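A.B. asks: We have chain A already, so just place chain B on it with the hints.
Chains A and B, in that order, are what the protein sequence lines are.
If you're matching positions, the first sequence starts at 1 in the numbering used here and goes up one per residue.
If you're matching positions, the second sequence starts at 1 in the numbering used here and goes up one per residue.
It is possible that some hints are incorrect.
What the hints assert, rightly or not - For the chain A half of the interface with chain B, some residues (derived, Cβ under 8 Å), not all of them:
| id | residue |
| --- | --- |
| 1 | I305 |
| 2 | P324 |
| 3 | R325 |
| 4 | Q328 |
| 5 | P336 |
| 6 | G341 |
| 7 | T342 |
| 8 | M348 |
| 9 | S352 |
| 10 | R357 |
| 11 | R360 |
| 12 | S365 |
| 13 | L369 |
| 14 | L370 |
| 15 | L372 |
To be clear, the hints were calculated from the coordinates, so they are not data collected in a lab.
Every value quoted in this text rests on a predicted model; they were computed, and no experiment measured them.
Just so you know, even glycine gets a beta-carbon here, dropped at the ideal spot from N, CA and C.
Given next are the chains, with one letter for each unit.
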Amino acid sequence: MRGITKRFPGVLANDGVDFEAAAGEVHALLGENGAGKSTLSNILTGLYRPDEGEIFLHGEQVDFHVPRDALDAGICMVHQHFRLVEPFTVAENVVLGDHRGEGRAFRLRHRAIERRVGELSTRYGLHVDPRARIWQLSLGEQQRVEILKALYREARILILDEPTAVLTPQEADVLFETLREMANEGRTVIFISHKLHEVKAVADRVTVLRGGRTIATVSTAEATPRSLASLMVGRELESITRSADPGGRGPGAAVLELEGVWAQGDRGDAAVRGVTLDVCAGEVVAIAGVAGNGQRELAETIAGIRHQTEGEVRVGGRKLRGDPRAAQAAGVAYVPEDRLGTGVAPSMSIASNLVLRSYREGYASHGPLLRLGAIRERAVDLIRAYRIAAPSPSTSARLLSGGNLQKVVLAREFSGKPKVVVAASPTRGLDVGAIETVHAYLRDAAAEGVAVLLISEDLDEILGLADRIAVMYEGAIVGVTSRADASVEEIGLQMAGGHDPRED
Amino acid sequence: MRIERRLQQPRWLLFAVPAGSIVFAFFASGLVLLATGHNPLPAYRQIFDAAFVNNGAIGQTLIAATPLAFTGLAAAAAFRMRLFNIGGEGQLLIGAITADAAGLYFGGLGWPKPIVIAAMVAAGCAGGAAWASIPGVLRAFFKTNEIITSLMLNYVAAYLLTYLVFNTNSYWRQTTGFNASVFPTSKDLPSNALWPALTIHEQGGIPLPLGAGLAVLAALVLWVLYTRTRFGFEAQVLGDSPRAARYAGMRTRRKILAVMAISGAIAGLGGASQDGDFRQTLDADPNGLQKQYYGYTGIVVAALGRYNPLAVVLVAVLIGGLQNAGNVLQGADFPSGLVGVMQGIILFSALGGELLVRYRFTFKRQARAETVEATT
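In isolation and in its complexed conformation, chain A is listed as follows (with noise of 0.2 Å):
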């Protein structure tokens, strides 16, 4: 790809991008959020015609109309949401849209395809039920659907957009063999990630886009973690290991106390299996865990959105239970996993998402009014204080972007003087200047003596963040440990449940 421009009202997403890849390569595709690595790949499948530039294939100079020439030209993608039809089988979803074999047909031939797919499946060690439901798999077996609808194509270029996002690290391990394996087939793979050690590990060269150009392309066996970062973000990083224990304070009383709590999931079921968990005073404990084993679930029992169905969560001694209000007034803050649906009314402007959770309180409102002027002050001083880029504090929050939406709840959790904070999944999408920012504002919030609680399944961040790590599976906390003695290889197996997965 030569000279690769697109633009998009009020970005330029691409700026003279170039970018090429062997076969029989993995090669990354490095950056952070908004840096340019989607619409690359987005151009690359035919889904964008670029503003500018070319495309060679096999020295071939090609143009992609729509999806389906790309597809033709033996390109597939693996987006980071998966676009896979739930109520379908394996199989069929693997032949859905192939248009050139077996799904031209009019009746599907179930037992062949199930056959291919399955020989697919054992050869590449993408072990899934070809027969299974969609919506029976996990994601990491969601994935390797995906991958399957590749190599049933045989596509020659296989795009992955951040691929470990939705894995354990040993499932992240095994998926980097198949990989491994289908380069050395001669195919190429692209694989577009932000987290350096896995640019590291399964790479042979790697391509940097900052601010939607290319910055170098470089052989992974000569870089390292710190000078990959520096190239994505353009600056020297303070320290992106884990920083050292930040002094001997020790923590103070327990201010959360959860005691046998149980909580049942949307779905009727017992997400959260009796929990039991004290957080002190000046301390954060992180909970780690793939998404979906109940963590969700915990957070918003804590925050009173969830009745615990036995159990009991104190704050300060307080007991609570079911109640958003009680739980605030206890001292809870949440900053919510959902931030556009849950942490923020997306179409109100952000003076008002500032107060939405303290509009009852005196300066806000008198009586039933509401006190729109000092909501508007208060929204002037916030935008400043947290540095907050928004043209006015009349904007639609929905407007905003992510780092800029984040920084709108945390303002709003922390100027209510919180006892208690949980965070779940705080920085997830955002880019790493954000994060540093989000990362900043819950380590000063310990410092002030706020007990913090972090959801999070970046096991870098929970290193970089935490005290002491609790690892959550299936609605349990299965390990406590502390920062000194945690070591990722013990949280990463005690996360997948203590299996692990290459035993198979």
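C.D. replies: Coordinates of chain B only, in the frame set by chain A:
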């Protein structure tokens, strides 16, 4: 050509698009008029004169606009919380029934006029609110779709009204006098239950019905409620994102009940105004209250007014004028159906124009797409 979402909605568009929609609607209706053998320009002149210029035209227009303002406000009040109250029609009818009962009863007791009128207003609001509370309760406690329940209750209300006029033992039925022996009819309100109208002495007098004043008052109250109060704030958050509202500790069920009741009360007040201001009886004749479909037109009015209470009143006057003109001009050379056609075209252009507010069209050859997607 591509359609893409606007990142910012320019303020001027919020005014330009409705204005443009109306211009376009007149153009498109002009084609219809031409096709049916009318010269559009004189026809529009006729309509405008009949609606706003001729002797007594404004008075008639206000009479036509008053019920539309009420039902429009009712729909707008619910929609602010993204509740679709399609039941303004039924709530208006029930409001008319209860207000009529109050007028007959307290008027019959010979109470002073202001008290009788106050009782009618209260009864109308209560009746509408109660009727709207049925879909409200179903929605709040059983998550029933309020569009369907409120719509279905319109038919129940209409049949109930007919029944109350026709049933021999009905309190509302006229049982004495010559007319009553020919065809079933409802009792006339006593004179101390008739609502007064302010007359502006200009062009032969413009009557300003009490109901019109109440509609403006209701619009102001709604506007304050939704822009200045905690209640309105909560309703907006709930409409925008129920999960965010739950997270903020808002009481969802209570709010649904309250908003439906307010919406119903406004529609019910419209029914009371129909009874006290204009009809002075609960009638069931072929051109009676059930045949006016104020509730449904009100939804159109609310949509055209973008659910802003003050704009809804303005739109009600415009649509009221159009309907009034349709009635006046109805005849061999001006089929009244044309006004209905125009109304429909106006609505379609306005809803189509909404697309222009939120999206923009580009006519470049290169493809573009939404920025948000590009930066994921």
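A.B. asks: Hint by hint, note whether the structure agrees.
C.D. replies: Going through the hints against the structure:
1. I305: Status holds, d = 6 Å.
2. P324: Hint holds; P324(A) Cβ to chain B Cβ min 4 Å, cut 8 Å.
3. R325: Holds - the Cβ of R325(A) comes within 8 Å of chain B, reaching about 4 Å at its closest.
4. Q328: Since chain B brings a Cβ to about 6 Å from Q328(A), closer than 8 Å, the hint holds.
5. P336: Holds. Min distance 6 Å.
6. G341: The hint holds - G341(A) has a Cβ within 8 Å of chain B, the shortest such distance being about 5 Å.
7. T342: 4 Å, holds
8. M348: 6 Å, holds
9. S352: Because about 7 Å separates S352(A) from the closest Cβ in chain B, which is inside the 8 Å limit, the hint holds.
10. R357: 5 Å, holds
11. R360: With Cβ-Cβ at 7 Å, under 8 Å, it holds.
12. S365: Because about 5 Å separates S365(A) from the closest Cβ in chain B, which is inside the 8 Å limit, the hint holds.
13. L369: Because about 6 Å separates L369(A) from the closest Cβ in chain B, which is inside the 8 Å limit, the hint holds.
14. L370: Holds, about 6 Å.
15. L372: With a closest approach of 7 Å, the L372(A) hint holds.
In this structure, every one of the numbered hints holds.
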